[in-house]
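Trainee: What follows is the residue order along each chain.
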Amino acid sequence: MNDTLANTEKKTAYILTLPAVLLVFSIILFPIFANIWISFKEVELKDIRIPEPRAKKIVKSISDEPSKIKILYKLRNSSLIQEIRDVSFQDRFPKNFEIENLDPRCSFKKYNLKCEFGNWPAKYRENFQVIFATNDGSKIDKKSLKSIKPKLDGKSDNILLNTNFTLKNFKKVLFENEFVDLLLTTFYYTFFGTVGSIVFGILTAQMVNQKFYGRTFMRSVLLFPYVAPVVALAYTWELLLDPNSGTLNSLLLNYQIIETPINLLGQKYIEISILGFDFKLRLALTTVIMFEIWRYFPLAFLFILARLQAIPKELYEAADVDGASPFQKFFNITLPQITAVISILFMIRFIWNFNKFEDVFLLTGGASGTRTLPINVYQQGFAISDIGMGSAVSIVIVVLLLMFMFFYFKLLGKRVDEN
Amino acid sequence: MRIKNTILFSLISTFFLIFLISIWKILATLQGLSINSFNIEIILMFGLLISLAHLGIGDRIKSIYKSIIFSSIFVFCDGYLIQKLPIWYNVGIFLILYFFINKISKYTFISLKEEHSTQVILFDFLTLFGILFFSFVILFPFYMMLVTSFKTQIALLVNPLDFSINFGQDIKDLFKSYFVIFKSYKFGKYIVISTIVSVGTVIITLLFAIPAAYAVARLNFFGKTFLSTSILIIYMFPAIVLVIPLYTIFSQLGLRNSIEGLLIVYTATTLPVAIYMLQGYFKSIPKELEEAAILDKLSWFGIITKIIIPLSIPAISSVALYVFMIAWNEFLFSLMFLDNPNSFTLSRAIQYLSGDAETPRQYLMAGSVVVTLPVLFIFVYFEKYLVSGLTAGSVKG
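Here the protein sequences line up with chains A and B, keeping their order. Under my numbering, think of the first position of the first sequence as 1090, with each following residue one higher. Under my numbering, think of the first position of the second sequence as 3, with each following residue one higher.
These aren't lab readings, by the way, just hints derived from the structure by calculation. Bear in mind the structure is a predicted one, so any value in this text is a computation, not a measurement. Some clues are possibly wrong.
[Stated by the list, open to error] Derived lysine-lysine pairs resembling DSSO-like cross-links, with alpha carbons at most 30 Å apart:
1) Lys-1203(A) <-> Lys-1232(A)
2) Lys-115(B) <-> Lys-1100(A)
3) Lys-1300(A) <-> Lys-115(B)
4) Lys-105(B) <-> Lys-1300(A)
5) Lys-1418(A) <-> Lys-226(B)
6) Lys-299(B) <-> Lys-1418(A)
7) Lys-1244(A) <-> Lys-1135(A)
8) Lys-1261(A) <-> Lys-1149(A)
9) Lys-1499(A) <-> Lys-226(B)
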């Protein structure tokens, strides 16, 4: 009895989870494997369109002979690069039709015209013509004749399914494509974006955790950049920072802080001299990182605030009794209490910033030294239309991320052991 | 100690005052006033004088009179001796000064002698400074987005700093950009598509996620732990890795440029977090209720619809709002899958609009306002639900 109950429970559970599991597998897990497969192939964007045999049906009446009709099929191979094999053709006709001239490739049985056209090379075109006559001499309805569509079928190689593999893509990614530069840019973007958003998160959480008028309002305002759509925010920033008529540059010029406008999103380097040392700052990259921080510090804020509110008040009261200063309280109570949250946040944000595509794409499109790995996936795959290369870059991203996670957990595990 | 604290106090409070007035000046400049200098030296001098005078006078005058007197002196000197500016600007300066003096009124010579008062002052002013700084930095782009959408190209070329809105003009002229994007750029259609996609994603996600979450939360079956851990791991998988294979598969299946294709992808990417959030909540519902229901011979379908769903309305609404927000804001997949202007979502439509260099910026900003407003409205209105959704699902983004 108990056994059958457990069995029905199991069965129910499988029925309940199956739809979700199937969907997630087919849309997320399967593509990941497909990605590995594609990354070892030489595929371009134009290769992924399946070649189709097509026929355009044109119905023409023959003058003086109302009971006869000419039908012209414009046949073609839709693909410019691939052959279609064993093309078969089928079209249906009204019952009173008889065929006048039968092509040797075709047969006409039971009012069905069937043809075997054999192989069509790429770009193949043919005008194929048949003439019919009605056996009862009645008038022919051209419209209804035209509405019947011929069926065509054929076999073609799907470039994705054959087993020709190559290492060319990975070689190109790792040795040709300024890989080190890409990696460094991605690393700067990810690391500084993550650290910056966490630092601002700590500051704002500490701020909102104090009592002041309008605190709840402040809390929702702080989350605005995170909940609003990227597209809107990125374009607003772009307009604000525009060198010609952007608000920021106009303001700075108006207050005579700068003499010529700065192209914050379009200039790769800017020279800064501090204490006699000349630095080359990657300007566009810094701006993009600023946007990143601005948009994602609310998340760190939310996490850290939740943790701050869970710290027992007694700790602070005890510290007050001991005569601790505000800064001592912050460094000796608050900070140790939030390190766990910060380390989780660091990992999560690092992974997501590493994969961030939209923000950079919308702000600079990857120009002026802001080309990160995800941008490269897009550029390889869709701008240069080399699908195989794009896949290879994305596989490199996954491998790097897995390595990061592995070392991070090892490091984290060690630190936990030491404590 | 007292002298050091006095100097520190007056300096910090003065910097705070400079910051306040600078923000006000920036905002005033953007209303078309010609202010060409922050006059920092003068404000610095006044600030120091006011804070020192405040300490010196102490309690001898009622603080409200003190605030009014100081503010009036400052406004008189700043507004009528140095810059001739309209009355509303000076009213603003007066209010800022009034606010500032109220803020510093709790400090006296006695309080400056207390233990840690240096750090207390620093901490207090840093908080005040932070509130102002972050409000400004966050709200400023949103403000500019809104204001730009009401301007015209010519007005912005004449004076790129004048963002004042002329409310006296005809409604048709005022909302011209909005009329244009709805008429010429078919934004009405894109709103409908975006709404269908987002609401559809919410409905399908919930339909799939509620039963699955119930099974994970309550039933015992082989592979349960594997399933619940893999949910989160899958969630961490980056979208950029999925883009190319999904693009190829969807092209071959003819699912590109279709709402169905977007619905499938959005549902699949939001399902893991929806299941994760819901199962956590379902676990907190007392088991006794279901046991009673099983005795009443209710099937699992009955249990879910009659017990679980009515009891978890808060959790379900927070999942629904969170999923809606993700689907509404989504950009990467809509960029990859949609290239026919007849099937654009709002985000994709704005990106398409910006691809044309001729598009005036106010149209772009009007479009941005249209896509941003619903999300912000929902966020502010349902903040309680959304914040819990954001915290639980915040691995995304």
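Trainee: Run through the hints listed earlier and report the numbers of any the structure violates, in increasing order.
Mentor: Checked against the structure, the hints that fail are numbers 2, 5, 6 and 8, while the rest are satisfied.
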